[in-house]
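Chemist: The lines below spell out each chain.
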Amino acid sequence: MLTQKEFFEKAGAGELQAVRCSRCGALAIPPRAFCPECSERAWQPAPLSGDGTITSYTVIRVAPRGFAGEVPYAIAAVHMKEGVSLLGRVVDIPFDKLKVGLAVRFRPLTRNGQTAVGFGPR
Amino acid sequence: MRKVALVGAGISKFGVRRASYRDLIWEAGKACFDSVAGIKPRDVEGLVVGSVMPERTAFQSHISSMAAEALGIKPSVLSARTEHMCASGTVGIRYAYAFIAAGLADLVMVLGVEKLNQPSSDEAILNMGTGVDREWEAAFGLTAPPCFALAAQRHMAEYGTTEEQLGLVGVKNHTHASKNPNAHFGKGATLEQVLGSRMIASPLRLFMCSPITDGAAAVIVASEERARALTDRPVWIRGTGQALDGFQLTSLHEDYAHWPALKRAADAAYTMAGVRPGDVDLAEVHDCFAIAEMIAYEELGFCKKGEAGAFVAAGRSDYGGDVVVNPRGGLIGCGHPLGATGVAQAAEVFVQLRGQAGPRQVADATIGLTHNNSGMGEHVVMIYGSEPA
Ligand SMILES: [Zn+2]
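Protein sequences, first through last, are from chains A and B. Note that this note's numbering numbers the first sequence so that position 59 is 48, with each residue one more than the last. To convert, take the position in the second sequence, counting from 1, and add 20; that gives this note's numbering.
None of these hints come from the bench; they were simulated from the model. Just to be clear, a hint being listed does not mean it is correct.
[Claimed, not checked] Heads up, simulated BS3-like pairs for lysine-lysine below, C-alpha to C-alpha not over 30 angstroms straight-line:
#: 1; chain 1: A; residue 1: LYS70; chain 2: B; residue 2: LYS325
#: 2; chain 1: B; residue 1: LYS283; chain 2: A; residue 2: LYS88
#: 3; chain 1: A; residue 1: LYS88; chain 2: B; residue 2: LYS33
#: 4; chain 1: B; residue 1: LYS94; chain 2: B; residue 2: LYS60
#: 5; chain 1: A; residue 1: LYS88; chain 2: B; residue 2: LYS325
#: 6; chain 1: B; residue 1: LYS60; chain 2: A; residue 2: LYS70
#: 7; chain 1: A; residue 1: LYS86; chain 2: B; residue 2: LYS325
#: 8; chain 1: B; residue 1: LYS199; chain 2: B; residue 2: LYS33
When you get a sec, could you build the whole thing from the sequences and use the hints?
Modeler: Okay, here's the thing in structure tokens:
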């Protein structure tokens, strides 16, 4: 088992960790209790390369409290090289360069001790 | 299973209301009881209330009992609240349906209510964020508009859907709402206004989004025997389906232009109802954002996958087209008081199938569909008919 806390600690250190089902081989991220494919609870840690391509994106102009000072900012859905999907904040890529299929790489975004998933240029 | 029908429906005025949470319950409840002669609150055996966040917006929980007392209802067989984010109202109707179909109740009210507007709009936007995953999505600033913007951007990249086509959904639903005195917005909108409105999350602009709205709606659901005794025009529940792909966005179909859970929910409802997509005269679909209505055309089978843009542009989802989508104005025109939305959709089908929809009447309507979702991966579909299945 990989707890959410451990996931974010590793992510904060730059290591993106998925889990692989030792029964059916399914890959999952975020970590979860039961395998969504075969319902087994036998996960092995499976580090990801961090490389992926954008499947969709949006530039947010109106944001909730805590993020309002950061607009505009972009988020993207990313297909990771290993086959799983992950959402994150896009950093260091100009908005007009964003497109479906763009190659990106995982980038931890930590503030106030809390890490969130981000993506920057490859 | 026993046949089940709607026998009454009523809605409050939707909008930025000074009314309290309880005022909204009173308003919709009274309109509902006024719509059907022969039912007093004490006749109602059960109450289900769809409401998402009164704990945050009205500092009130224990909702079903509070609403029952406000309306003079003494539930004897069923009292419950449903919380399923934006689909809470339709989920409530399904509970009432199941109780009555199973013979456990004969007369149940389903009420949806939400008081979303706060003295500070910042607070209202923050509250809406409780619907996404706190640790995995809200943590980097995700709220509802960006989720659907991801679907829109993907649909544009994959199928060549345009901003103008997204805008036409906004134009249609704002125009429909202008004929609905209970809608949040009443002025209609031109394509220039929609495409010139403020960007919220690209490519979704303000007039392609549902606003933050206060409102309530109620329907009364009855067994066949009670329905036939109460009215000569019951509106029958012919089919229902619900399906979930997942909660977090990353658990859904990776291509956000595809909503397989909606197709599964629709197929279940069509099969149960003995109805095909081409039989549907009007559909109240969950246009929380314009792209949601377009993907709904496709997954509900009104047009082929990828052709939603051309479908709306050709007027095929408007009066005179294949199916009138969102005649009451949808969530974009009426607003989206979460728990109230699904019930208000049912209330619209109720008046349409009884020929009581006035200036927005769909001619000769006999089959009506409602679609309510909670995010892109969770969908509920109901099919109603002027005749039972
Ligand atoms: Zn497995």
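Chemist: Taking 30 angstroms as the top limit, are the C-alpha atoms of A:LYS88 and B:LYS325 close enough?
Modeler: holds (22 angstroms)
Chemist: Given the hint that B:LYS199 pairs with B:LYS33, does the C-alpha gap stay at or below 30 angstroms?
Modeler: The hint holds at about 13 angstroms.
Chemist: Compare the distance between the alpha carbons of B:LYS60 and A:LYS70 with 30 angstroms, and conclude whether the hinted pair is satisfied.
Modeler: violated (62 angstroms)
Chemist: Decide if the proposed pair is consistent with the structure: B:LYS94 and B:LYS60, CA atoms, cutoff 30 angstroms inclusive.
Modeler: Roughly 11 angstroms separates the two Cα atoms, so the pair holds.
Chemist: Decide if the proposed pair is consistent with the structure: A:LYS70 and B:LYS325, CA atoms, cutoff 30 angstroms inclusive.
Modeler: Given that 30 angstroms is the threshold and the Cα spacing comes to 27 angstroms, the pair holds.
Chemist: So if I understand the rule, the pair passes when the alpha-carbon distance is 30 angstroms or less; does A:LYS88 with B:LYS33 pass?
Modeler: Violated: A:LYS88 and B:LYS33 sit about 42 angstroms apart, past 30 angstroms.
Chemist: Under the criterion that the straight-line Cα-Cα distance not exceed 30 angstroms, is the pair B:LYS283, A:LYS88 satisfied?
Modeler: Holds. B:LYS283 to A:LYS88 sits at ~28 angstroms (cutoff 30 angstroms).
Chemist: Taken at face value, is the distance from the CA of B:LYS325 to the CA of A:LYS86 at most 30 angstroms?
Modeler: holds (28 angstroms)
Hint violations for this structure: numbers 3, 6, all remaining hints satisfied.
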